[in-house]
Amino acid sequence: MSSQREIRLSGFGGQGLITAGIILADAAIKEGKHAVQTQSYGPEARGGASRAEVIISDAAIDYPKVKEPDVLLAMSKEACDKYLCELQKDGILIVDSYYVKEVPETEAKVFSLPITELAREELGRVIVANIVALGATVQVTGVVGKEALEAAVLDRVPPGTEDLNRQALAIGFQLGCEQLAK
Amino acid sequence: MATKELLKEYTRMDKLPHIWCPGCGHGIILGSVIRAIDRQKLDPNKTSVISGIGCSGRAPGYVKFDTLHTTHGRALAFATGVKLARPELNVIVLTGDGDCAAIGGNHLIHAARRNIDVTTVVFNNYIYGMTSGQYSPLTPHMKLATTAPYGNIDQSFDLCKLVTAAGATYVARGTVYHTQMLIGLIAEGIAHKGFSFIEVITHCPTYYGRRNKMGDAVDMLNWQKEHAIPVKAAAKLPPEKLKGKFVIGELHRSEGPEYTEEYQRIIDSLKRE
Amino acid sequence: MGKNEMEAVLMSGNEACVEGALLAGINFFAGYPITPSTEIAEGLARRLPRVGGKFIQMEDEIASMAAVAGAALAGAKAMTATSGPGFSLKQENIGFAAATEIPCVVVNVQRFGPSTGLPTSPSQADIMQARWGTHGDHPAIALMPASVQESLSLTITAFNLAEEFRTPVILLMDEIIGHMREGIVIPQKGEYVIKNRTKPTVPPEDYLPYAAGPNEVPPMANFGDGYRFHVTGLIHDETGFPRGRGSDGDYLVRRLINKVMSRLEEILMVEEIGMEDAELAVVACGPVARSAKKAIAMARELGIKAGLVRPITIWPFPEDAIKVAAKKVDAIIVPELNLGQMALEVERNACGDAPVYRLNRVDAELITPDEILAKIQEVK
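Protein sequences appear in the order of chains A, F and H. If you count by the numbering used here, then the first sequence holds residues 1 to 182, one letter each, in order. If you count by the numbering used here, then the second sequence holds residues 1 to 273, one letter each, in order. If you count by the numbering used here, then the third sequence holds residues 1 to 380, one letter each, in order.
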């Protein structure tokens with residue numbers, strides 16, 4: 001079980017979190033690992049809360065759901081409040097500081113990153129905030145390799161947006177590096 | 001072809017005599033369909049005749065084609081599958097007023113909307129005959145039926161107007177009295193590319209005529225003769241003269257993209273990609 | 001890292017079903033949008049015309065099933081996909097296909113019911129409907145995948161069984177398997193078997209469309225091939241025509257059932273884990289079997305010899321596997337996402353040889369390994 005990582009990507013509908021989950025799982029598959037990606041559906045997938053979950057493991061994955069993730073990405077205050085209690089005690093919490101101004105008390109390792117802010121300021125496109133977030137998440141957690149992640153991003157984004165997404169990913173990696181250095 | 005030769009060529013002689021009541025008009029419709037098929041020289045090996053449930057539903061069993069007696073109301077949905085899977089087949093649907101206007105009403109309007117190349121012949125005897133006389137969506141207002149013992153308060157459909165509005169590109173109405181005209185209308189429907197619809201006014205002396213005091217089969221045929229107005233004559237008559245009457249002949253014809261050809265166009269365009 | 005793992009691609013169960021159908025040679029799909037199965041229709045709407053096949057979105061679920069049967073009669077390998085409410089609507093024409101021996105595949109991505117229920121939540125509550133949903137005695141074959149890979153492979157199997165046995169085959173998926181994504185390997189040509197219906201070898205004038213062949217399965221001509229035969233949902237004799245005789249009904253209904261039940265070895269698929277030395281068996285199917293697999297491993301770490309029996313073929317029910325297990329173990333646990341449907345079959349076949357304990361969830365959540373482990377510890 002030691003090699004199994006469970007990641008929850010949460011926020012609100014429209015932030016591309018399900019796409020991010022698919023890309024992350026795809027990156028793991030590309031590295032020859034096992035991965036299962038699930039998501040929450042329903043009215044909450046449109047505008048309300050949204051979440052995607054990914055399990056990555058060296059061994060076959062039986063139970064496919066994430067109960068207590070060891071990595072939580074929260075791109076909205078609501079998601080942070082709702083899911084933080086389920087995060088493993090020694091887990092990693094990554095929040096988008098644009099939406100989560102104050103991180104609640106937690107024993108988890110916290111990374112508060114200006115994800116949406118940078119997507120807007122550096123790239124002029126909030127729509128790639130999910131890719132910035134993925135880059136940062138992978139950088140600080142190492143759940144998959146950066147090369148595999150980039151390959152998965154380029155496989156899954158609309159044609160013509162490859163450069164934009166490559167830049168978004170680079171910003172995310174950079175963000176993660178800076179935080180780790182701190 | 002003489003009747004005897006037609007019978008030999010197109011009917012399953014060992015299945016005759018048919019199950020329809022003495023005096024029933026359904027045999028005349030089936031005979032007209034056979035003559036229309038013969039007139040259009042359809043390849044019997046490439047012709048499928050499909051029905052639903054009810055007295056009309058038994059018609060395909062008597063003819064020597066690929067024949068399919070489906071569930072109640074669904075003949076057009078099965079026919080859509082046959083035609084789309086194998087567009088080179090001639091597909092003819094034989095249905096009744098209850099089968100196609102009530103339980104199958106949704107399939108009727110959507111088959112018309114798609115303009116799929118299927119010829120639909122409705123045996124309209126104004127009643128559910130197989131189950132012995134319940135009112136259908138075509139039973140006229142205040143007529144009697146076992147389920148309308150005090151008179152039918154439902155308003156009835158004008159099926160020809162309905163399918164025209166839904167997108168059918170050939171629409172006609174005939175009667176079993178006007179047999180020669182009927183054969184012509186069905187033949188035109190078969191020849192037409194797209195959804196063709198022929199409503200045939202027929203009679204059920206057993207469960208509709210008797211209860212509604214319309215006399216025997218001959219009286220009911222005479223009723224058809226007296227109440228049918230050819231489309232050209234109807235055009236010259238004021239509305240009050242048409243009250244209680246019905247119009248026969250070709251009622252609508254238009255051109256439109258046919259469904260299976262449209263689909264093939266997609267397949268071809270993808271091939272070129 | 002094996003070679004296959006290197007070639008794995010990520011996809012959902014619904015997407016894998018589409019791939020499986022295409023590998024099996026599907027050339028006709030009729031459907032109606034319904035959550036959580038819609039991705040299957042969407043996938044085939046994109047892919048079928050590219051391989052010369054046909055996709056049609058019908059006006060309703062009933063029409064979809066009818067169009068599938070019609071297309072299959074015209075020679076197509078045809079499939080439809082739906083979920084609970086749509087599966088209910090299709091039942092009459094599933095019965096028609098069973099009675100008239102039309103090969104076709106019906107995918108039911110089970111969702112939470114009854115009625116509209118919870119459309120985006122999983123369930124296993126259509127197990128009995130897959131067996132008894134349509135009226136009258138009739139054969140039923142239904143398969144339940146537990147992974148995305150199996151969604152692909154069992155879709156191929158479903159087509160093969162349909163063609164082989166001339167009967168509708170139900171792929172009983174669920175929202176979890178349909179929507180979750182996993183890495184799967186798409187098999188290459190030659191790595192899977194494709195079966196096609198047996199065609200008549202006699203000239204049209206000698207063709208008896210419902211005269212049973214050696215396997216009780218009549219050879220099947222296609223509409224348009226010159227055989228000019230009759231198909232009816234009425235009880236018919238070997239000529240295909242109704243004669244209104246009870247004796248024809250007796251012969252037909254028994255033959256329909258027998259053609260399936262006499263060749264169980266070709267239909268039944270069961271996965272067993274740890275049953276060699278098991279003292280306790282968990283009988284689970286679909287995604288619940290994944291939790292059970294983990295629970296069994298956890299139990300063995302605690303020194304409890306638990307085993308798993310997973311019916312992959314849920315209908316016909318793998319009765320012998322249960323009978324053998326019941327003689328061997330001290331207790332059987334049946335976890336399922338309903339209030340006890342497969343448990344009825346397990347209880348019937350355990351014949352009292354082992355007590356059967358149920359574990360049910362109907363709160364739209366998958367039963368967890370911990371819950372199954374707790375039950376194992378409780379009954380041990």
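These aren't lab readings, by the way, just hints derived from the structure by calculation. The structure presented is a predicted model; accordingly, all values stated were derived computationally and were not measured. Among the hints, erroneous ones may be present.
Claimed, not checked - Pairs of lysine-lysine residues, derived as DSS-like cross-links and limited to a Cα-Cα distance of at most 25 Å, are as follows: (1) 64(F) with 199(H); (2) 199(H) with 189(H); (3) 82(A) with 101(A); (4) 213(F) with 232(F); (5) 65(A) with 189(H); (6) 294(H) with 67(A); (7) 199(H) with 46(F); (8) 305(H) with 327(H); (9) 189(H) with 271(F); (10) 8(F) with 46(F); (11) 294(H) with 328(H); (12) 305(H) with 189(H); (13) 294(H) with 89(A); (14) 64(F) with 271(F); (15) 101(A) with 65(A); (16) 193(F) with 225(F); (17) 89(A) with 67(A); (18) 109(A) with 89(A).
Results of checking the hints against the structure:
Pair hint residue 64(F) plus residue 199(H) holds up; C-alpha atoms about 20 Å apart against a cutoff of 25 Å. For the suggested pair residue 199(H) and residue 189(H), the alpha carbons sit about 24 Å apart, so the restraint of at most 25 Å is met. Taking the CA atoms of residue 82(A) and residue 101(A), the gap is about 15 Å. The hint holds against a cut of 25 Å. For the suggested pair residue 213(F) and residue 232(F), the alpha carbons sit about 31 Å apart, so the restraint of at most 25 Å is broken.
Our distance criterion of 25 Å between C-alpha atoms is broken by residue 65(A) and residue 189(H), whose separation comes to about 33 Å. Distance check on the hinted pair: residue 294(H) and residue 67(A) sit about 15 Å apart at the alpha-carbon level, within 25 Å; holds. Between the alpha carbons of residue 199(H) and residue 46(F) the distance comes to roughly 18 Å, so the proposed pair stays at or under 25 Å and holds. As the CA atoms of residue 305(H) and residue 327(H) are separated by approximately 15 Å, the hinted pair is consistent with the 25 Å bound.
Proximity of residue 189(H) to residue 271(F) is assessed by CA-CA distance (about 22 Å); at most 25 Å being required, the pair is judged to hold. Taken as a hint, the residue 8(F) and residue 46(F) pair is honoured in the structure, with Cα atoms around 18 Å apart against an allowance of 25 Å. Between residue 294(H) and residue 328(H) the alpha-carbon distance is near 21 Å, which keeps this suggested pair within the 25 Å criterion. Annotation: proposed proximity of residue 305(H) to residue 189(H) is violated, straight-line Cα distance about 40 Å (limit 25 Å).
A C-alpha spacing of about 23 Å is found between residue 294(H) and residue 89(A), which places the hinted pair at or below 25 Å, so the restraint holds. As the CA atoms of residue 64(F) and residue 271(F) are separated by approximately 38 Å, the hinted pair breaks the 25 Å bound. Taking the CA atoms of residue 101(A) and residue 65(A), the gap is near 29 Å; set against the 25 Å cutoff, the hint is violated. Straight-line distance between C-alpha atoms of residue 193(F) and residue 225(F) comes to about 30 Å, which puts the hinted pair past the 25 Å bound.
A distance of roughly 13 Å separates the Cα atoms of residue 89(A) and residue 67(A); the hinted pair therefore holds under the 25 Å criterion. Between the alpha carbons of residue 109(A) and residue 89(A) the distance comes to roughly 9 Å, so the proposed pair stays at or under 25 Å and holds.
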